Amino acid sequence: DLRGLCQARQASRPTCQCLSVTDVDECQTRNGGCDHVCRNTAGSFDCSCRKGFKLLTDEKSCQDVDECSLERTCDHSCINRPGSFACACNAGYTLYGFTHCGDTDECSVHNGGCQQVCVNTVGGYECQCLSGHTLHWNGKDCVEAEGALAAGASPRVSLQCTRSAGGDRCSLSCRSGIHLSSGLQEAYSVTCGSSSPPRSKQRESAGSASGDVASVRTSVTFKLNGGICSLKKAEPFPEGLRPAPPVSCRAGTYYDGAQERCILCPNGTFQNEEGQITCEPCPRPENPGVQKTPEAWNVSECGGLCQPGEYSADGFAPCQLCALGTFQPEAGRTSCLPCGGGLPTKRLGATSFQDCETRVQCSPGHFYTTTHRCVRCPAGTYQPEFGKNSCVSCPGNTTTDFDGATNLTQCKNRRCGGELGDFTGYIESPNYPGNYPANAECTWVINPPPKRRILVVVPEIFLPIEDDCGDFLVMRKTASRGSATTYETCQTYERPIAFTSRSRRLWIQFKSNEGNSAKGFQVPYVTYDEDYQELIEDIVRDGRLYASENHQEILKDKKLIKALFDVLAHPQNYFRYTAQESREMFPRSFIRLLRSKVSRFLRPYR
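For the sequence shown, counting from 1, position 246 maps to 246 in the UniProt record's numbering; every step adds exactly one.
Hints are computed from structural coordinates only; laboratory data are not their basis.
Computed from a predicted model, the values in this text were never measured in an experiment.
Just so you know, even glycine gets a beta-carbon here, dropped at the ideal spot from N, CA and C.
Any given hint could turn out to be false.
[Claimed, not checked] Straight-line C-alpha distance at most 27 Å; calculated BS3-like pairs for lysine-lysine: (1) 60 with 511; (2) 511 with 54; (3) 558 with 519; (4) 451 with 51; (5) 559 with 519; (6) 562 with 51; (7) 511 with 556; (8) 556 with 54; (9) 511 with 477; (10) 60 with 451; (11) 519 with 60; (12) 559 with 597; (13) 556 with 51; (14) 51 with 477; (15) 558 with 54; (16) 346 with 451; (17) 51 with 559; (18) 519 with 54; (19) 346 with 477; (20) 556 with 477; (21) 597 with 558; (22) 597 with 562; (23) 60 with 558; (24) 54 with 477; (25) 511 with 451; (26) 556 with 597; (27) 511 with 558; (28) 519 with 477; (29) 562 with 519; (30) 451 with 477; (31) 477 with 60; (32) 597 with 54; (33) 519 with 451.
[Stated by the list, open to error] Label pairs and their in silico Cβ distance ranges: (34) 373 with 560: 35 to 43 Å; (35) 600 with 418: 18 to 26 Å; (36) 69 with 371: 28 to 36 Å; (37) 373 with 402: 18 to 26 Å; (38) 600 with 39: 26 to 34 Å.
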C-alpha cells in the first residue's frame, strides 16, 4: 500500500504502519482510558490530571498528591485532602498566608480579658495583677490580697511564684534574723538570715538542713503566719527509680501510680493539662443541685459558673446580671466591662460591645472610640466585623500594607532576600503562597563555588498585568541594568520554564508597587559542575521538555524537582535511585528524552 510506512526495525521482520487519512479521536471511547482529562492529538492522545493529582507511569491513572509528605508545606500541622491540603496552627498561633503560623497577640483585644495587666507570650499570654492584688482562679480577674500589708510596711517573709514551662516555681525570702521552722518537735528546720542549731539532736541525721548535713528532698507547703513557715514533710526518695514506659494522660484525667493507669478526675476537681499526676480542686464547694460529671477538663466544668452577661464576687452562683452600660462576654467573671463614653446597653446582662447603643455603627476596618467616632484600624491590625470597639493585631511578624484592613489575609510577612546556598535552594516572594505585600523590594544573590553553573526552574509565576509592569522579577549578573540579563518578567505564566544562567553569578530582584497584588512565585535553583554545561543546555532548550503537559507537570512537582536537582548537584547520588524507582517517578517519555541526551553527551562518537 503506497499510503503505508515501513520501518526496518529488524532485518528479517519489518514493521508496517498505516497512515490514516482521518485522525481517530481516542478520547471519544471511554475517555481514552484516562482517569481525569483526555486531550486528543494528531494520531494520538494525552491524559492529564486535575490540579492536586499527578499522572502515574501508566500515563492514564491519576493519584492524589500528598502535599503533607513534602518539606515546608505547613509551619505546624498539615492535613492532606483529595486534590488539596490544609494547614493548621498550634494553640496560641494564627494561620496566615495559607501555610504559615504566627503568634497570636491575645492582649490586643480587650486586654486579653485581663482585668489589670496582660502580657503576651510566644504561643499564649498571661494575666498579671498590680501590687496588693492576687490573680483570681479564673486567671483573668484580680482580687485584693488577703492580709495585705499597710502602705509602706515591709514584710518579714515574702513568697514569690513565677510561671515557667515546667510549672510554677516559688521562692521564700525573709529579713535577717527571721527563723522559719517546720513546727515539728524534731531536727527538721530551715533558717533564713542567720544560722540556728537544730532543736533536737535525736533526728538530726534524718532531716536537718543546718550546718554541713546534706539537705533532704521534701515537698513543702508554705503558710505565712506572722513570719513562721509551716513545712509538710514527705518521705525521702528511694535510692533508684524504677524504669517505666512514658504515659500521657489526657486533660480531665490524672495518672495513678499505684494502678499504673489514667483515672478520671473525681467530682469537685478538674485538670486542664495533659500528663498530670493530680487533679486540681474546684475553686469552691459546688452548689446544691449543680450537676457535674467526672472527667472535668476545665475549671468552667466545675459547675455553678456565672454565664456571659453575669458576674459575682467569686465568679460562681448566685450571679448578677451586668448593669446597664456594661457587658461581659466570658463565663466565671467577677465584674463587667463598661461600654465607655457613657453609652448605655440595650438590656441588662449584655454579653458583647455590640449590645452597647453606639451613636454610629462602625464598618469593618474601623473601631468605635469613646469620643463616639469610627477610626480606621492602624497598620498592623484589622477588623472584619461591624460595630467593634477594637482591632485585632496581625499575627507574628506580619503587618498590613495600609490602615483600615478588614481581613486577616491582609496581614503579610515582608521578609525576603539574602545570600543563597551553594548547591540547591529557592527564592520566593514574601508571604508566599499568600499574596505578596505592597511596595516590597527583595534582593537575592546566588554565588556558586568555583567551576559551578546555575540552573533555574520557574514552575509558575503570578504577577498582575493590570499595573503596567509595576511588579516585576529580574535575574541578571549584577545590579547594573546593563549587565547580562538571564530572565525578566512582569506577567503571569502558568507554563513552566527551565534555563541556565548567562553568568556564573546571579543577582535577583523582585519589586512590587502599591497597586494590585498576587500570589507571586517560588523558584528553585541548583548549581552543577560546569563540565555538564553542554548537556544541561541541550535538555532545557529542547521543546519536547515542555510539549507534553505531563512533562510540564514534572517541572511543577516539588518532589520530582528535588530528586532531579539532588542528582545534578551531587551526581554520585544518582546511585541512590534504582531503575525501578526512576520508572515509578517519571513518565517513560521523559526518561527516553533524558536517556537520549545523556547517551549523546557521554558517547558523542558512537
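Hints versus structure:
no. : hint                     : result
1   : 60 with 511              : violated, 41 Å
2   : 511 with 54              : violated, 33 Å
3   : 558 with 519             : holds, 17 Å
4   : 451 with 51              : violated, 39 Å
5   : 559 with 519             : holds, 21 Å
6   : 562 with 51              : holds, 20 Å
7   : 511 with 556             : holds, 24 Å
8   : 556 with 54              : holds, 10 Å
9   : 511 with 477             : holds, 17 Å
10  : 60 with 451              : violated, 42 Å
11  : 519 with 60              : violated, 31 Å
12  : 559 with 597             : holds, 22 Å
13  : 556 with 51              : holds, 11 Å
14  : 51 with 477              : violated, 35 Å
15  : 558 with 54              : holds, 12 Å
16  : 346 with 451             : violated, 77 Å
17  : 51 with 559              : holds, 15 Å
18  : 519 with 54              : holds, 22 Å
19  : 346 with 477             : violated, 67 Å
20  : 556 with 477             : holds, 26 Å
21  : 597 with 558             : holds, 23 Å
22  : 597 with 562             : holds, 20 Å
23  : 60 with 558              : holds, 21 Å
24  : 54 with 477              : violated, 36 Å
25  : 511 with 451             : violated, 31 Å
26  : 556 with 597             : holds, 21 Å
27  : 511 with 558             : holds, 25 Å
28  : 519 with 477             : holds, 26 Å
29  : 562 with 519             : holds, 22 Å
30  : 451 with 477             : holds, 16 Å
31  : 477 with 60              : violated, 43 Å
32  : 597 with 54              : holds, 25 Å
33  : 519 with 451             : violated, 35 Å
34  : 373 with 560: 35 to 43 Å : violated, 57 Å
35  : 600 with 418: 18 to 26 Å : violated, 39 Å
36  : 69 with 371: 28 to 36 Å  : violated, 55 Å
37  : 373 with 402: 18 to 26 Å : holds, 19 Å
38  : 600 with 39: 26 to 34 Å  : holds, 30 Å
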